[in-house]
Structures are given as structure tokens and as C-alpha cells.
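Student: One-letter residues, chain by chain:
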Amino acid sequence: GAVVSQHPSRVICKSGTSVKIECRSLDFQATTMFWYRQFPKKSLMLMATSNEGSKATYEQGVEKDKFLINHASLTLSTLTVTSAHPEDSSFYICSAIKGIGNTIYFGEGSWLTVV
Amino acid sequence: GNSVTQMEGPVTLSEEAFLTINCTYTATGYPSLFWYVQYPGEGLQLLLKATKADDKGSNKGFEATYRKETTSFHLEKGSVQVSDSAVYFCALSVPYSGAGSYQLTFGKGTKLSVIP
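Protein chains in written order, with this note's numbering: chain A, 179 to 293; chain B, 165 to 280.
What the hints contain is simulated information worked out from the structure, not anything from laboratory work.
Nothing false has been slipped in among the hints.
Lysine-lysine pairs mimicking BS3-like chemistry, simulated, CA-CA at most 25 Å apart: (1) A:Lys244 / A:Lys198; (2) B:Lys232 / B:Lys213; (3) B:Lys272 / B:Lys216; (4) A:Lys192 / A:Lys219; (5) B:Lys213 / A:Lys219; (6) B:Lys275 / A:Lys220; (7) A:Lys276 / B:Lys213; (8) B:Lys272 / B:Lys220; (9) B:Lys232 / B:Lys216; (10) B:Lys232 / B:Lys220; (11) B:Lys213 / B:Lys272; (12) B:Lys224 / B:Lys272; (13) A:Lys198 / A:Lys220; (14) B:Lys224 / B:Lys213; (15) B:Lys220 / B:Lys275; (16) A:Lys276 / B:Lys216; (17) B:Lys272 / B:Lys232; (18) A:Lys276 / A:Lys233; (19) A:Lys220 / B:Lys272; (20) B:Lys224 / A:Lys276; (21) A:Lys220 / A:Lys242; (22) A:Lys244 / A:Lys219; (23) A:Lys244 / A:Lys220; (24) A:Lys219 / B:Lys275; (25) A:Lys220 / B:Lys213; (26) A:Lys219 / B:Lys272; (27) A:Lys192 / A:Lys244.
Simulated DEER-style distance windows between Cβ atoms: (28) B:Val258 / A:Pro218: 23 to 29 Å; (29) B:Gly205 / A:Asn229: 25 to 31 Å; (30) A:Thr260 / B:Val258: 30 to 36 Å; (31) A:Lys219 / B:Glu206: 20 to 26 Å; (32) A:His263 / B:Pro204: 24 to 30 Å; (33) B:Gln209 / A:Thr260: 27 to 33 Å; (34) A:Asn248 / B:Gly242: 42 to 48 Å; (35) B:Thr234 / A:Glu241: 36 to 42 Å; (36) B:Asn166 / A:Ile190: 31 to 37 Å; (37) B:Gln209 / A:Lys220: 16 to 22 Å; (38) A:Glu265 / B:Asp218: 40 to 46 Å.
Being a predicted model, the structure only gives us computed values, none of them experimental.
Backbone N, C-alpha and C fix where the C-beta goes; we use that ideal spot for every residue, glycine too.
Throw the hints in and build the complete structure from the sequences for me.
Tutor: Here it is as C-alpha cells:
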């Protein structure tokens, strides 16, 4: 079964609104989670590294004020797309590191459509 | 920088056909190489990996060999099944210290459809 869960799996929002995507580690604590996005026919691109209790580390070219990441607990990281625009429509997926063996687990991904 | 180039899909095969999905990479440093699979409605799952040259990763009948000389990590399976229908991603990570070791660079993904 899934060990990392994302919600929602699909969301449609209006341009200018904000939308929150949750990433939960279900049976382990994750001090570090990662957020990726994938545009059509493009690679999965790392957006940011989410660290529990501290600020996220964003990759070059990713607007931190637009993509707000909160990792307030050891089992939950959230990505909020603020003032969404149609060009933010994408597939967003998170991953988390499970301590023993340092295995990376991915969520199911979330499809965001901004209309 | 790091990058992964994999065969564009979609790929459609008949059951029991031979599968090859090509993957080549460029990397600073000595990367670890991975194949991930995403079945419909599910998250990415690690299929196999290799951490050094000439290593062969294998799982569920799939194999890939780390070829440093050709910077490749092609995925193969001798006889595909309908249940192998999924999207396959080639990826690499470069062993920096700390959490950076777990940052993955992905290819675009290849959708495989296997028909009975």
C-alpha cells in the first residue's frame, strides 16, 4: 500500500485563486520531502526541498512566493500555489525519505488545472 | 548540469514481446541510476537501481546495466505482460552530502501499453 499520500489527486481552480496540495507520509516520519512538477512532454523537475521546521530550499527559477511550502510536522508537507495562472497547470508530485535504508517514496501526484 | 534523456513514447507492444526503453545521462560526478515506474493512479515506485559502473539492476523481470562508457542505463524485459503497462522514468542522483543525495533528475517518462 501507499506510504506517501497526496491530496487532492486532481484539482481545478480559477485563475487568481490559491490551491493547496498535501503530501503525507503515512507510516513514517519524514524530515525531508521533495516537490516536483512535470509539464506535458517534459521531465519531472525538482521544485524545492521541504525541511521540517525550517524554510524550504527552492531550485533556481522557482518562485518561493508563488509556491509556498510548509512542512509543519514530520508527516505533512503542503504546497500552496498562490494566485494561480493557467501556466501553473501541471502535474505535481512529492517524495519523502524513509529513514531506515533511506528509501525514497513518492506520492500519487496531483494534477492541477487552472482555468 | 545533470540531465536524463529517455526514449519518447508512447510505446505499444503485444504481450510477450521484448521491451527496450533507452536512457542516457549526463552528470557531474558519479551518479546512481534508477528506473521508476508509475502504474495508473499510483505514485512513482522504484523499479530497479544501480550505483556503480557495470552494475545490473533487476526486478520483476526488468533489467538495466549501468554503462559508464556509453553513459546509458537502458531498461529491458524479455517478455512483457499487460500488467507492465505503465509510465517508466529513468532518473539519476549525484551523491552530495545530506538531503541533496536524494534529489533526483528525471527523464520525461515513457508510456508503455501492452496489448493482449
